[in-house]
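**Student:** For the protein sequence lines, the chains are A, B and C, in the order given. Last residue of the first sequence? That's 361 in our numbering, and every number before it is there in order. Last residue of the second sequence? That's 309 in our numbering, and every number before it is there in order. Last residue of the third sequence? That's 519 in our numbering, and every number before it is there in order.
Bear in mind the hints are in silico, worked out from the structure with no lab data behind them. Accuracy of the hints is not assured; some may be wrong.
Unchecked claim - Computed cross-link-like contacts, PhoX-like style, restricted to lysine-lysine with a CA-CA straight-line distance of at most 25 Å:
no.	chain 1	residue 1	chain 2	residue 2
1	C	387	B	239
2	C	285	A	238
3	A	10	C	285
4	A	223	C	387
Said to hold, decoys possible - Some chain C residues flagged as far from chain A (calculated, every beta-carbon gap over 12 Å):
no.	residue
5	22
6	100
7	154
8	349
9	357
10	376
11	378
12	380
13	411
14	445
15	473
16	502
Since we're looking at a predicted model, the values are computed, not measured. Here a beta-carbon is modelled for each residue, glycine too, at the ideal position from N, C-alpha and C.
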Amino acid sequence: MRIDLEARPKRSALREILSPVVALIVAIVIGGVVVAIMGRSPLAAFDVYFVEPLSQSYSLQAIAVKAAPLILIAVGLAFCYRANLWNIGAEGQFIAGGALGGWLGLVTHDGAYQAIGSWWILPAMMLLGILGGVLYAMIPAALRVWLNVSEILTSLMLVYVAQLTLDWLVRGPWKDPQGFNFPVTVNFDPEATLPILFDGGTLHLGVLFAPIVVIIAAVVFSKTIFGFQVRLAGSSPKAARFGGFDDKRIAFAAFAISGGLAGLAGIAEVSGKIGQLLTTISPGYGFSAIIVAFLGRLSPVGIFIGGLVLAVTFVGGEDAQIALKLPGDMTLAFQGVLLICVLAADVLARYRLRFRLGGKA
Amino acid sequence: MTFDAQQVQDVLIIVVTAATPLLIAAVGELVVERSGVLNLGVEGMMIIGAATGFAAGYSTDSTLVGVAAGVISGAILAAIFAFLTLGLAANQVASGLALTILGRGVANLIGASFVGLKRTPAPHLHIPGLSDIPLIGKLIFGEDFFVYFGLLLTGAVAYWLMRTRSGLTLRAIGDNHASGHSLGVPVRRIRLLAVLFGGGCAGLAGSYLSLAYTPFWSPDMTAGRGWIALALVVFASWKPWRALAGALLFGGVTVLQLVFQTWGVPIPPQFLASLPYLTTIAVLVVLSIRDIRGAAAPASLGIPFIPDR
Amino acid sequence: MAQSHATDLGQGSKATPLLAVRDITKRFGTFTANDRVTLDLAAGEIHALLGENGAGKSTLVKMLYGILEPTEGDILWQGAPIRLADPNAARALGIGMVFQHFSLFENLTVAENIALVMPSEVKLDDAPAKIAEISRAYGMGLEPSRPVWTLSAGERQRIEIARCLLQDPKVLILDEPTSVLTPQEAEKLFETLERLKAEGRALLYISHHLEEVQRLCDRATILRLGKVVGTCNPRAETPRSLAALMVGSEIKEVKPAGAHALGKERLVVSNLSLPSPELHGVALKNVSAAVKGGEIFGVAGVAGNGQSEFFAALSGETLAREPNAIVIDGSPVGAMGIAVRRALNAGFVPEERNGHAAAPDFTLSDNIVLSSHASAGMTRAGFINAKLAKEKARAVITSFDVRAAAPDPPARTLSGGNLQKFVVGREILRDPSVLVINQPTWGVDVAAAATIRQALLDLCAKGAAILIISQDLDELFEICDRIAVIHGGQLSAPLPARSTTREEIGLLMAGMGGSGHAH
């Protein structure tokens, strides 16, 4: 059998918006079949994964808290992917930001610098978080730009290095001396912790970074010459050079934005949600954000929605472990299926498929 | 601190066993990339091979069945990739990432009920007399059969690529698929076979980890070996024998960790554990400096192909 | 009127044709590339397939070679209808094809390129010997062990031909074979083709060069907009009548430049040497040239001799180390980027429309921003002035008669000729004092080509210095004041166009100029 692709004569905005939705539906159906094979009721699973998280205040907050880092990272990734740079090491940049920003939380522990006031601690932590992510992203960026080393492999390798380094810091030099030898650091002071927005809730100030960044990124992409450069460099690199745009600068900028936003997400998670440093500070946000970026078709507004959808599956996945005894990796597998469906749907929005029997090529 | 000769042999055996999964996965991916396709999903195909390999091997108590399951599951995942990138001409980088994420999820699902179980390692070659030669007998004649298969595979692929007509055709479409298509070469069919072969090899490499190397299943046990195998292909300049050299280098790095630990060198274990990843980066940098224009890479690597008809 | 000649043809037409096409139609989506085309090809004839760019010639021969599938109609082989599943089927019948954009593999050797299509009985190790044999027989001078990327266009074409001949084809299709050859190489090719004809093979010769067709071909079938508009004996026609058939309307004459006053030197290149940034590219060696205001300076040469590298150096996409290597209106800009050169009022049009001159997925107004983002008012505080960009796009569309389906469509939706008018118009409306343009009318229909050439002449009359890089000698002789030849990254001294013959230029194109750098 042969599959022929025939370009659709016209691009339809509706089809392009609907394609991720169709992909999500198909992925849910596939997930349902798997659940059924595992001997559980697909309808009950759908209820636990997608309905219940949306019906309770605490789980809605949990969704927002999970969606925020996903959205922040994915918006950054969109800058890279639009520029045709494949940063897949956002997980490492997230950790680098969390660790560098968290370091300030550790040294200001127990009111250490109260003498000079404490208003500066949180902003400085956020900036250090961004800085950590930017610096860590500069390694694959520089290797890519100057030496033409595949940024895919280097950025990914650096994830492992970041994970191991954080593990060493928290077990070694940064360990809480009074922590009964548990691999944790001290808790941050309240001045180094992002405040909770509502009493008794889990929603912290860092969650608000996501919508703000989405709005700024949407404007940058559609209205500014910088956004134009990034889109152009990815879509037609030769035309970008002909336009007089410096592709090296664009590459560094895209990596910096991507790393910076991942770092911000990292420090917001550490300071807002965890309140200390642990050996592991991310349940794979950096990788799930790749799915979010594609689910949102690399557009900031789409990513905002995509981030919420993926957060629902995270929260639902946790509930499903308890309610249905479904393994937690179900969520990961579902996300993989979802990304595959999104990529396929993306092609189908632009091409018509024709199946022929007996052909080849 | 001194080593006796027996210890040297033991160390070398560890180098070889650590190198074997990297070699098998890298040679498979090398064939894929020579055909012009970049499948970044090696890690995903490897981990699923490890999971199904152990599950099948444990359940049937047969290493061979385990290996077959590993190979088939890797190839199935590769078939999904082939459908996306060859059938639909989807972006190869994104599709490879999707494969990695899917592979990890499904592997952990399959492996969940096997965590903590152990089985006897895959059998080793034993030739009476030869295998008992002191100092080198075990190294050369006493390895498990994956090791010999890996070497055989490398030699066979090297011969096939450079000396046979079908190998020539594969290299040709990796150089220019449009020319191949206009000469009537079935570009997508050859690429499909190459991708399936690569998936089978990755699955085999994964099953080696859970059936012979450890031999047990634990989540995320591939620990980036699939990605290192991808780097090895670049390191090898897309030449099979060089992949063997690279795999041994990485095997050596792995052993370095063990040696440092037994010596009690005061280096945190986390840093030793990051050595393979740092080595990968270093190796890629050295290679890029030597070949900054990418002359060694197949010219149509990663470029989607949509035949008109 | 041309149909009347179809009956008084010479050899071959009375017997059953070797290969015939009956009412073949090929559609791509809604676009009809071939519309009920009918054609006969007899043994022992050279049959021309004439037509403009986009007339459907390549589509037709791709169907004859099994690459494309006809939507409707039949292909007959010795009178019997056949279905060509793929090129292997065509080759098995005895149909060979020499492609315009060669179907070669750059990183493989000559022997590997040829062995790939040899019948499977031939052992891979025996291939080099067989290739050497055929190379000797036809005087081709092929070295089996050389990688293809090291070879010139002429040598590459000989590989393609040798690859066909090894299969002893009865029908040989050649798609624009002379477009990459020097006049002397073309002459050699013609001798080979005459010999193949004498051996009783049928040749289908695709071209839009009327002189060539008249010289070589026994019969001509003329395509226009996918339809056959006539079959004739080209030797019984005049170039004018053939051209009229091909184009379908009176050809607009381009006003010749004539004698005109030249100003001061506006674009000066001195001793420019540059390694190529591209893999397998050509390095520029000691290139010097000076173009005066009011002058059109032509750069001739066979494809792949450093044209794109020269263009990139002139535009600033690749930088020279020495600032004085390139001087625009007195400013040394060798080490400055394209934006600086544009600010000095230079304009550039690269060869590739889609993906270099214009971003195919971007709208026309975005493509205005592409090359004029640095000019006044186009951006404010980093924000793009979309309104101004749209106005400028509209201005180009109206003054250059760019036909588009929507007011501001993506560039890729335009036809080749219309997009070329857009990217040329975009630069000319900026009223540049220096214009560098690579292959101004490549793959463009005759009407659009005339519009573009006229616009260049008008710009030149206003005092601009224009440098044209082109592989089309007719075009250069038509509008240039002086012509220099680029070969192997070296530029010859310029010759006055009016007092130079094609042969002199041809020798330089083959690297056999006075400087004695032949190899």
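**Student:** Just to be careful, I want the Cα atoms of residue 285 (chain C) and residue 238 (chain A) compared with a cutoff of 25 Å; is the pair within it?
**Tutor:** Measuring from Cα to Cα gives roughly 24 Å; hence the hint holds.
**Student:** Is it the case that residue 445 (chain C) keeps its Cβ farther than 12 Å from each residue Cβ in chain A?
**Tutor:** holds (22 Å)
**Student:** Check the non-interface label on residue 473 (chain C): least C-beta distance to chain A beyond 12 Å or not.
**Tutor:** holds (27 Å)
**Student:** Since residue 378 (chain C) was said not to touch the interface, does its Cβ keep a gap of more than 12 Å from each Cβ of chain A?
**Tutor:** The assertion about residue 378 (chain C) is violated, with a minimum of 8 Å to chain A.
**Student:** Can you confirm whether the C-alpha distance between residue 387 (chain C) and residue 239 (chain B) stays at or below 25 Å?
**Tutor:** With Cα atoms ~54 Å apart, residue 387 (chain C) and residue 239 (chain B) exceed 25 Å; violated.
**Student:** Taking the closest pair, is the beta carbon of residue 357 (chain C) still more than 12 Å from chain A?
**Tutor:** violated (7 Å)
**Student:** If we take the beta carbon of residue 376 (chain C), is the closest beta carbon in chain A still more than 12 Å away?
**Tutor:** holds (14 Å)
**Student:** Would you check whether the claim that residue 380 (chain C) is not at the interface survives, using Cβ distances to chain A and the 12 Å cut-off?
**Tutor:** Given a closest Cβ separation of 10 Å, the condition is violated.
**Student:** With the threshold set at 25 Å, check whether the alpha-carbon distance from residue 10 (chain A) to residue 285 (chain C) stays at or below it.
**Tutor:** violated (47 Å)
**Student:** Does residue 154 (chain C) sit more than 12 Å from chain A, CB to CB?
**Tutor:** Non-interface label on residue 154 (chain C) holds, nearest chain A Cβ at 27 Å vs cutoff 12 Å.
**Student:** If we take the beta carbon of residue 502 (chain C), is the closest beta carbon in chain A still more than 12 Å away?
**Tutor:** Since the minimum Cβ distance to chain A is about 32 Å, residue 502 (chain C) lies beyond 12 Å and the statement holds.
**Student:** Measuring Cβ to Cβ, find out whether residue 349 (chain C) lies farther than 12 Å from everything in chain A.
**Tutor:** violated (10 Å)
Going through the hint list in order, the structure does not satisfy hints 1, 3, 8, 9, 11, 12, 13.
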